[in-house]
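Since the structure of chain A is already known, use the hints to place chain B on it.
2 protein chains.
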Amino acid sequence: MRAIAVHRGEESPRVIDVPTPEPDPGEVLVETLRVGVDGTDHEVIKGTHGGFPPGDDYQILGHEAIGVVVDPTTTGFDVGDLVMPTVRRPPDGTNEYFERGEPDMAPDGKYVERGIVDAHGYMSEYFTSPTEFLVEIPESLAPHGFLVEPMSNAEKALEHAFATRSAFTWEPESALVLGNGPLGLLTLARLARDVDDLYCLGRRDRPDPSIDIIEKLGATYVDSRETPVPEIPAEHGHVDIAVEATGYAKHAFEVLDALAPNGVGALLGVPGDWSFEIEGGRLHREMVLQNKALVGSVNSHIPHFEDAIETVSSLPDWFVDDIVTEVVPAEDPSAAFERNTDQIKTAVEFVSPSER
Amino acid sequence: MRAIAVHRGEESPRVIDVPTPEPDPGEVLVETLRVGVDGTDHEVIKGTHGGFPPGDDYQILGHEAIGVVVDPTTTGFDVGDLVMPTVRRPPDGTNEYFERGEPDMAPDGKYVERGIVDAHGYMSEYFTSPTEFLVEIPESLAPHGFLVEPMSNAEKALEHAFATRSAFTWEPESALVLGNGPLGLLTLARLARDVDDLYCLGRRDRPDPSIDIIEKLGATYVDSRETPVPEIPAEHGHVDIAVEATGYAKHAFEVLDALAPNGVGALLGVPGDWSFEIEGGRLHREMVLQNKALVGSVNSHIPHFEDAIETVSSLPDWFVDDIVTEVVPAEDPSAAFERNTDQIKTAVEFVSPSER
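Quick note, the sequences are listed as chains A and B, same order.
First residue of the first sequence: 10, per my numbering; consecutive thereafter.
First residue of the second sequence: 10, per my numbering; consecutive thereafter.
Quick caveat, the hints were computed from the structure, so don't treat them as lab data.
It cannot be assumed that every hint is accurate.
Same chains, same label: a pair holds when it works inside one copy or across any pair of copies.
Using 20 Å as the maximum straight-line C-alpha spacing, the simulated SDA-like pairs for lysine to any residue come out as follows [as the list claims (entries may be wrong)]:
#1 Lys259 to Glu286
#2 Lys119 to Glu180
#3 Lys259 to Val329
#4 Lys259 to Arg291
#5 Lys225 to Leu207
#6 Lys259 to Ser284
#7 Lys55 to Glu168
#8 Lys259 to Trp283
Owing to the predicted nature of the structure, the values given are computational and were not obtained by experimental measurement.
Chain A on its own, in the form it takes in the complex:
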């Protein structure tokens, strides 16, 4: 079957031919419709995040897949069910994190991530999965259900951010998303449901399709070249929630200056190594005297996927149309991996959702 993989020593993914997987009893065989591409895929391609499956010199990409059950084996699924797989798997049998349904909280060594860490992904014509790692997706989401996986990461980050503030009365009125890539824009759309006063930080010149989306969501675009993060309060006021979705390491600390008292910063982006000076005494003091919190968040578990299904289902049509800038055929997927300011979210298509 056709698969899209990155090879050791190569800079771009390419189409390869691999054997079609055969489901064991209790697994299902899924025919892939579409697979979204995100920043993590670009890190995997560059080799800065994750790792190849042990023993292989290539890795099949893809962790945002939507597909259709074609062989349910002994499971309760039916042929034709629309499903999305979760990303993490236990490396050996199972462990306590998977047993209690919280693989997203598993530490290093207690998980692999399909398409990211030590396991092949879903960017192939077929994949198999145990049923416990599949989420049923409503038919209406067949075309853009691949947005559910990244949205589930936003759901988890916000759940944890709100948890940090659960010991007191907290009604956030303003939020800042750092980053106008796909994850930033999805997080912004999720926040727009609950928060009126929204900001999104980027560093793009107008005209730019991501700025258009920010403004159509009713949010204010903040150009970080004109208004660096610590200057946001003077320009726009402090924010109750900030979500870091760029992986720019200074943001994790600068964001403390943008937060209102009792505010929380949720960190989703994954930076590389970088040492730099911070006003550590002042930031530490303000965290204490103003009851501020920072929380890191990675991956997601099934209830976050379920929340994300609801959120993605409620997204306005224009948002989905605008954020998914290109769906490219699996036969020639290179355009899905190009990075330019016209592209926001891309996906690779194996089977057209309308033709299945």
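Showing chain B alone in chain A's frame:
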């Protein structure tokens, strides 16, 4: 009446004579028994934290007071009731934070702190208080009930730390307290109730009374000169909870290295300005990929005092005897403000609890 105050331009507090306050209807007049001294008092004396009451060139110290109601006016209190006042007061009338019983979450400008920020403290023969800011203290705590206020700060910090971890299954098995001063040791004693594997960081040579307390609590003393915070995991393993109680600014960031995956650092100490270099990219990345959290915490509200009463009541007698190293008479309180390695927690006594 006698009061102990710090004056502008002076390095040490001294005894002064001020008018005895008169309670308004709805307030009570309290005769002070004992007032604890802590690190915040030393910061107030040095002028590095808080501020004098507007218009005054002195500030009566003291925010850890225990006393006896001598005039209940129109309130439901009785003469002889043992009480402790909370610290924060609304600056003008009231505001939403006080109205909902969460003054500890009030931002700058929405509170004063008696004995710390813009208001006189309790280190005087008498003080008045509205009843809503008084907590009844059991008779058994008359001698050392002044430990309730600092313990309430530990209760709040731990409540907020646990809240940050409330969105998933989390059963902390190890904890590190940074700081072997009174607040650090009280926090350690509080943690000893729930956590088996305990560490306390200091930089003292043996023999030292705080190290003796650490070890009698069953905790391991970590000398930061031999084992800096980032090396604690290699020496002792990672910890699930860390509480920063020194105000040493680098700790707030270094502590991320000491935390196990899914761990939380609670920040209680208040540092001054200090800029320094950190491995910001790595720390940010590990917060994300290991789901770590940092939470700042200041002050406390009535339920934290109530929890602290229970905790202080359950402290072993030896702990109270060992941590309260000196109780000095209000007539000559200077020894209560001396800082040396033999002193841990001191208090100023106006009326002996056994003679009231």
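Verification of the hints:
1. Both within a single protomer and between protomers do Lys259 and Glu286 lie at most 20 Å apart by alpha-carbon distance, with minima of 9 Å and 12 Å respectively.
2. Taking the closest pair of Cα atoms, Lys119 and Glu180 come within 20 Å of each other only across two copies (18 Å); inside a single copy the shortest separation is 36 Å, beyond that limit.
3. For the identical chains of this complex, Lys259 and Val329 are neighbours neither inside a copy (31 Å) nor across copies (44 Å), given an alpha-carbon limit of 20 Å.
4. Taking the closest pair of Cα atoms, Lys259 and Arg291 come within 20 Å of each other both inside a single copy (15 Å) and across two copies (11 Å).
5. For the homomeric pair Lys225 and Leu207, the shortest alpha-carbon distance inside one copy (12 Å) is at most 20 Å, but the shortest distance between copies (52 Å) is not.
6. In this assembly of identical chains, Lys259 and Ser284 lie within 20 Å of each other by CA distance both inside one copy and across copies; the values are 9 Å within and 14 Å between.
7. Proximity of Lys55 and Glu168 under a CA criterion of 20 Å is satisfied in neither setting, with 31 Å inside one chain copy and 42 Å between copies.
8. With identical chains, the CA atoms of Lys259 and Trp283 are at most 20 Å apart both within one copy (9 Å) and between copies (17 Å).
Hints 3 and 7 from the earlier list are contradicted by this structure; the remaining hints agree with it.
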